[in-house]
Each structure stands twice: as structure tokens, then as C-alpha cells.
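Peer 1: Sequence:
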Amino acid sequence: MLLRFDTLKKLGDVYINPKNFKTIPLVLRNWKDFLSLDERVYGLYSKTIYNPSQRFLVITPKDEKKGIRLVGLYNKFIKNPTKFCREEYYQYQVEVKRFEGLPFANGWVGSRIVLVGEAPGRKGCGLTGICFYRDASGMLLRKMLFSLGVNPDFVYITNVVKCNPPENKFKGFSKKELSLLEKELKIVQPKGIFAIGRTAYKALKKLGVDSTYLRHPAWYLRRGIRDPSDQMLMEYEIIRKFLDNSENMPPTQFLPERTTLQKKNRMDKM
Numbered sequence: 001m002l003l004r005f006d007t008l009k010k011l012g013d014v015y016i017n018p019k020n021f022k023t024i025p026l027v028l029r030n031w032k033d034f035l036s037l038d039e040r041v042y043g044l045y046s047k048t049i050y051n052p053s054q055r056f057l058v059i060t061p062k063d064e065k066k067g068i069r070l071v072g073l074y075n076k077f078i079k080n081p082t083k084f085c086r087e088e089y090y091q092y093q094v095e096v097k098r099f100e101g102l103p104f105a106n107g108w109v110g111s112r113i114v115l116v117g118e119a120p121g122r123k124g125c126g127l128t129g130i131c132f133y134r135d136a137s138g139m140l141l142r143k144m145l146f147s148l149g150v151n152p153d154f155v156y157i158t159n160v161v162k163c164n165p166p167e168n169k170f171k172g173f174s175k176k177e178l179s180l181l182e183k184e185l186k187i188v189q190p191k192g193i194f195a196i197g198r199t200a201y202k203a204l205k206k207l208g209v210d211s212t213y214l215r216h217p218a219w220y221l222r223r224g225i226r227d228p229s230d231q232m233l234m235e236y237e238i239i240r241k242f243l244d245n246s247e248n249m250p251p252t253q254f255l256p257e258r259t260t261l262q263k264k265n266r267m268d269k270m
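Heads up, the sequence shown is in full-length UniProt numbering, so the first residue is 1 and it goes up one at a time.
Simulated from the structure, these hints should not be mistaken for lab results. By construction, the Cβ of each residue, glycine as well, lies at the ideal position given by its N, Cα and C atoms. Hints are supplied without guarantee of correctness; some may be wrong.
Unchecked claim - 30 Å max Cα-Cα, derived DSS-like pairs, lysine-lysine:
| id | residue 1 | residue 2 |
| --- | --- | --- |
| 1 | Lys186 | Lys76 |
| 2 | Lys83 | Lys171 |
| 3 | Lys171 | Lys205 |
| 4 | Lys205 | Lys83 |
| 5 | Lys22 | Lys143 |
| 6 | Lys175 | Lys83 |
| 7 | Lys241 | Lys205 |
| 8 | Lys83 | Lys202 |
| 9 | Lys169 | Lys186 |
To be verified - Distance windows between CB atoms, simulated:
| id | residue 1 | residue 2 | range |
| --- | --- | --- | --- |
| 10 | Arg98 | Lys169 | 17 to 25 Å |
| 11 | Thr60 | Asn245 | 36 to 44 Å |
| 12 | Arg215 | Lys175 | 22 to 30 Å |
| 13 | Ile68 | Arg222 | 35 to 43 Å |
| 14 | Thr82 | Pro25 | 39 to 47 Å |
| 15 | Pro61 | Leu221 | 34 to 42 Å |
| 16 | Lys183 | Thr212 | 20 to 28 Å |
Given the sequences, and given the hints that come with them, work out the whole structure.
Peer 2: Next comes the structure, spelled out in C-alpha cells:
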């Protein structure tokens, strides 16, 4: 379940996981090339570094300890899924998935921030096991973060509800879902939490966890916006600003040109 940073390969401006590829592309210049890869040619997980057997990115010894604890929590969920998920959600999830196990979370366990969504989507996380990946909402979120200079593979992303609601018709959450999310956040210990959508914001508020509300990408999609708009970038820029103000951020969190810009801006302030 752990993904070690030294197993990744850098191509152009992005990192790839060689295990996710049927064949490695000869040229990959930037994130736009990365997100335009054809999954039929390169593989279902070619546009992310994660897959169902490698969910938690670890870079440091401290990350390793967190990762091991998250694997333990995931195993508890797998052994007794209906303890943490509605029976109808679980049954539907088993029907639609194309991977071993169940959806949970993915990302760098040492990330200063956590993005919390509502639940896996039928064509996205419910099918792949990777949060905000492959479906329209997930790809819009990834495009938006990349546009801001933040590599979405180097933040931690999870959902309030871990199993896909039948036909994506969400019927709410209960204490069982919240108990799992609470345990998860205590392990990751982020400095900032961003709620992607109203449901996530309400769930975090019920847990007594402070978070910043951001409109769900689906809100923009319903208005015909399929690529990052100025409005969306302005709203989500708070993530970039939060990371800019964080200490000891690894360069992997940002794309190279934005990292250089970040350093220049800090020098200008001195």
C-alpha cells in the first residue's frame, strides 16, 4: 500500500509511477501531456502515480510511520467495511469497482494539506479506487491544481464516505463514516483542510474540524466549465497561498517553474 518516492521517475515537469504504465511514453514535457495520455494505450492509472496497491506516498522516515498506520486503518476497513460504510453503498461499490479492495484515500502522507471530498463517483474513484481521478470532476480538479502550480499527486486526498453511493445518489453520512474519517485525519495531522463541496464541509464541521469550503468541481461542470476558469482559479488559489506560506515544503509539491517563482517572490519580500 505504500509508494516510495525513490521508485518514481521524473519525465519533464511531472513524476510518473512506472508500474502504472503498459508502455512508458517517449516524451512527456509537462502536466498537459501527462493528463492527455490515452489510458487505452498507457494504462488506466497512467495519469497519476497511484493505484489500488500503492495509495500512500512516503518520502521521509516520519512518513513511513504515518503510512504504516494508514495501512492498518485501511485493513480494518477492508475486514469490516459495513462498520464504516452503509450496507447499500458497500454492495454497490463491490458491483462497480474494477480493482482489488475498496476506495479509501491516496496521496503524500506528509502533505501539509488534505482535500476532503464527498464520496467516490461511479466513473471515477468508485471504478478506479483513486480519489478525484478519471471522471470529469476529478480531472477538472487535477487540471486546476496543476494550473496553480500544485502537483495533485503530492497532496493527500480522501472522501467522507469511502464507498460509491448507488448511481451516485448520495443519501448522507452517519457516525460510522465520520469515525473512520476522524481516525484518518488524526494520523495525517494536516495543517490545513479543504472541504471540496458542501457535504464535506458539513461532515468536517460535525467532527469539530476547521476547514475551508471550496465549491466542488461538479458545480463548475454543471455550468459547462470543463477547464479551469478564472473564477475557479481565484477560488482555489487559497490552496496555493497556504502552501506558499508553509515551511519546509519539498519541491515536488510544485511544478519547477512555479517553485522558482515562489523563491523569487520570497526573495523580493526580504
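Peer 1: Out of the numbered hints, which ones does the structure contradict?
Peer 2: 11
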